[in-house]
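There are 2 protein chains.
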Amino acid sequence: MSTIAAQLTVELADRRYPIIIGNHLSADGLLLDDMIPQRDLLLVSNTTVAPLYAETLTAALAPRRVVRVDLPDGESYKTLVTVQRILDVLVTNRFGRDALVVALGGGVVGDMAGFAAACYQRGVAYLQVPTSLLAQVDSSVGGKTGVNHPGGKNLIGAFHQPVGVLADTSTLATLPDRELRAGLAEVIKYGLIIDAGFFGWLEQNLDALLARDAAALAYAIHRSCQTKAQIVARDEREQGERALLNLGHTFGHAIEAATSYQTWLHGEAVATGMLMAAQMSARLGWCPAPQVERLARLLERAGLPTNATGLGAAELRALMQIDKKVAAGHVRLILLKDIGAAVLTGDYPEAALAATLSASTA
Amino acid sequence: MSTIAAQLTVELADRRYPIIIGNHLSADGLLLDDMIPQRDLLLVSNTTVAPLYAETLTAALAPRRVVRVDLPDGESYKTLVTVQRILDVLVTNRFGRDALVVALGGGVVGDMAGFAAACYQRGVAYLQVPTSLLAQVDSSVGGKTGVNHPGGKNLIGAFHQPVGVLADTSTLATLPDRELRAGLAEVIKYGLIIDAGFFGWLEQNLDALLARDAAALAYAIHRSCQTKAQIVARDEREQGERALLNLGHTFGHAIEAATSYQTWLHGEAVATGMLMAAQMSARLGWCPAPQVERLARLLERAGLPTNATGLGAAELRALMQIDKKVAAGHVRLILLKDIGAAVLTGDYPEAALAATLSASTA
Chain A
18 MSTIAAQLTV ELADRRYPII IGNHLSADGL LLDDMIPQRD LLLVSNTTVA
68 PLYAETLTAA LAPRRVVRVD LPDGESYKTL VTVQRILDVL VTNRFGRDAL
118 VVALGGGVVG DMAGFAAACY QRGVAYLQVP TSLLAQVDSS VGGKTGVNHP
168 GGKNLIGAFH QPVGVLADTS TLATLPDREL RAGLAEVIKY GLIIDAGFFG
218 WLEQNLDALL ARDAAALAYA IHRSCQTKAQ IVARDEREQG ERALLNLGHT
268 FGHAIEAATS YQTWLHGEAV ATGMLMAAQM SARLGWCPAP QVERLARLLE
318 RAGLPTNATG LGAAELRALM QIDKKVAAGH VRLILLKDIG AAVLTGDYPE
368 AALAATLSAS TA
Chain B
18 MSTIAAQLTV ELADRRYPII IGNHLSADGL LLDDMIPQRD LLLVSNTTVA
68 PLYAETLTAA LAPRRVVRVD LPDGESYKTL VTVQRILDVL VTNRFGRDAL
118 VVALGGGVVG DMAGFAAACY QRGVAYLQVP TSLLAQVDSS VGGKTGVNHP
168 GGKNLIGAFH QPVGVLADTS TLATLPDREL RAGLAEVIKY GLIIDAGFFG
218 WLEQNLDALL ARDAAALAYA IHRSCQTKAQ IVARDEREQG ERALLNLGHT
268 FGHAIEAATS YQTWLHGEAV ATGMLMAAQM SARLGWCPAP QVERLARLLE
318 RAGLPTNATG LGAAELRALM QIDKKVAAGH VRLILLKDIG AAVLTGDYPE
368 AALAATLSAS TA
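Order-wise, the sequence lines are chains A and B. Quick note on numbering: this note's numbering labels position 51 of the first sequence as 68, and the sequence is numbered without any gaps. Quick note on numbering: this note's numbering labels position 235 of the second sequence as 252, and the sequence is numbered without any gaps.
Just chain A, with the same shape it has in the complex (with noise of 0.2 Å):
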């Protein structure tokens, strides 16, 4: 039995879509029918998630016919490469430009399920299915598809919005706790940047999300989801303020290529940059001492990293240059002015960076 937990729309300049929460949803067949029409399908999975849960969904799609491509799982293979196979399982299948693609799985197979589908044909349409509390929180919704690059992260992709996101919370019972974990500093993200009342509450209900209890998880799933429906909602295409959830991102996506992606999950990087953001801005004077002291503490309750020990302070500043931030040559940063106000800037002195990643990284 499906139950639906809470549901929100994105609102956007020329279209509007449904996020939906709650529990056994990707087994609801009456529920994808509102959803999705009735027409062929390409499922995009992983090769660990699609075995635990591509057979219920197909099920529940039945009578449409489901052609799937399981995609090797995890960061490092989030490449053009990997998104070329998916043209050629379309190309293959003859998909039209009416074709549907539906992404089964985490963060990584959404971002190139939804990359697939921007290019394909010059863009079709697609649903998400996240599988992982990151993806749940985050990559799912707002459109942004893409892939690595050796140089950097995320630099080869497409703004393209699905036709819906579908969070099944049930999927989290076989999420492994260090990418449960992970997820959770996407959670926390959202409090720092603009909720310190949600802050407060992760303060007070970590222990309860660590244990999976299904309403901690389901209301921290909406709170997060409700915030960054609203941003994009008011800045699509990342003009202005939907640069604040890149909040710690400039720090960890310079971790993650340091690192070839291979060693640090995605929400290990954007915890431990998340603090050395905070640790920037006390050291500006902008943040209270004590309010990052708050973060470090529930970062490591969350058992999430909190320094770069052993990575090298100029590759990451080297690392950092390539950013998506980046104006004329400047490394524009998200810093804290508190706990629930971020701020993009340019106005800082070098040195406080320097600083920053040689204290994060000794």
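Certain hints may be false.
Identical copies carry no separate label here, and so any pair may be met within one copy or between two of them.
[Claimed, not checked] Below, in silico cross-link-like pairs of lysine to aspartate or glutamate (EDC-like), each with a Cα-Cα straight-line distance of 20 Å or less: (1) K342 to D57; (2) K342 to E255; (3) K354 to D51; (4) K342 to D90.
By construction, these hints were calculated from the structure, which means they are not laboratory data. It should be emphasised that the depicted structure is a prediction, and the values quoted were computed from it without experimental measurement.
Could you slot chain B onto chain A? The hints should help.
Leaving out everything else, chain B in the frame of chain A:
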């Protein structure tokens, strides 16, 4: 000395951009300063065009830093692998989201440079400087970008509008005769679709065009771009009317795919494809036979192929099935009610299509 022959504007829902047609425009630094900001840029060209025009354009762009990548020449290189090369150069040179890509070349260069711009950091600006007649009258205008897949033409791509189009007619001086003729196929197309008066003008002025009379060429380019700009303004994403611009292309793409993009120029395949569409229209009793004869005569005078002798009718039919206009498995075609009156339709007996293909390949 540069001379502007005509200036048009493509009006889109959320912005507009200019098409400027004239002589020696790509040597005009002041004009370039008007169109694009003073910033570093990537100049994408190919090994044929770059030796002829890249130096002049680069000088006109001074004092900007110009990074250049010269692609191999030819439709067979219009692949994701070649686009990846452009993306690599963008990353290696640390271009930011404020990057500008300039496409100097024919349709293949423009399509790939535009697609790389669409994908790099989820979309950066690009300027079209088309140097072939086909690119000046068609592919550089309207924001269709992309590459071929072994399974079909332009199957991978994006809608991504340029910041402007600079059609420098002086570059046509070095265009091989065969390519000039291929470009005329797309010019003739505009007359056939919607502009019977222009078709009559072409019958009167074809010899002047083949002799590269500057005034005749400028007029043909202007009138072609005018029609294209109007149709794109009304239907940017090809939800309806814009599909008419594909007259002859479903047949033509099948011819190109059947010959691995190696034998026929795109315009040549479109020429034969347009005649096939006209012949099929006559077979259905839609278009008067004398009008089909007028088209055949004009194409012959332009030195363009008018049949696909030697190719397999069944293979062409199969390749047409992957066309982007396929809806619910059925191939929709652009057919003619008359010269100047094209329609998009799926309402035809399969036998008429089969007979048309058989007759043309016999």
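Now for the hints, and whether the structure bears them out:
no.	hint	in the structure
1	K342 to D57	between (39 Å within a copy, 16 Å between copies)
2	K342 to E255	within (10 Å within a copy, 32 Å between copies)
3	K354 to D51	neither (43 Å within a copy, 40 Å between copies)
4	K342 to D90	neither (28 Å within a copy, 34 Å between copies)
Checked against the numbered hints given earlier, this structure breaks hints 3, 4; the rest are met.
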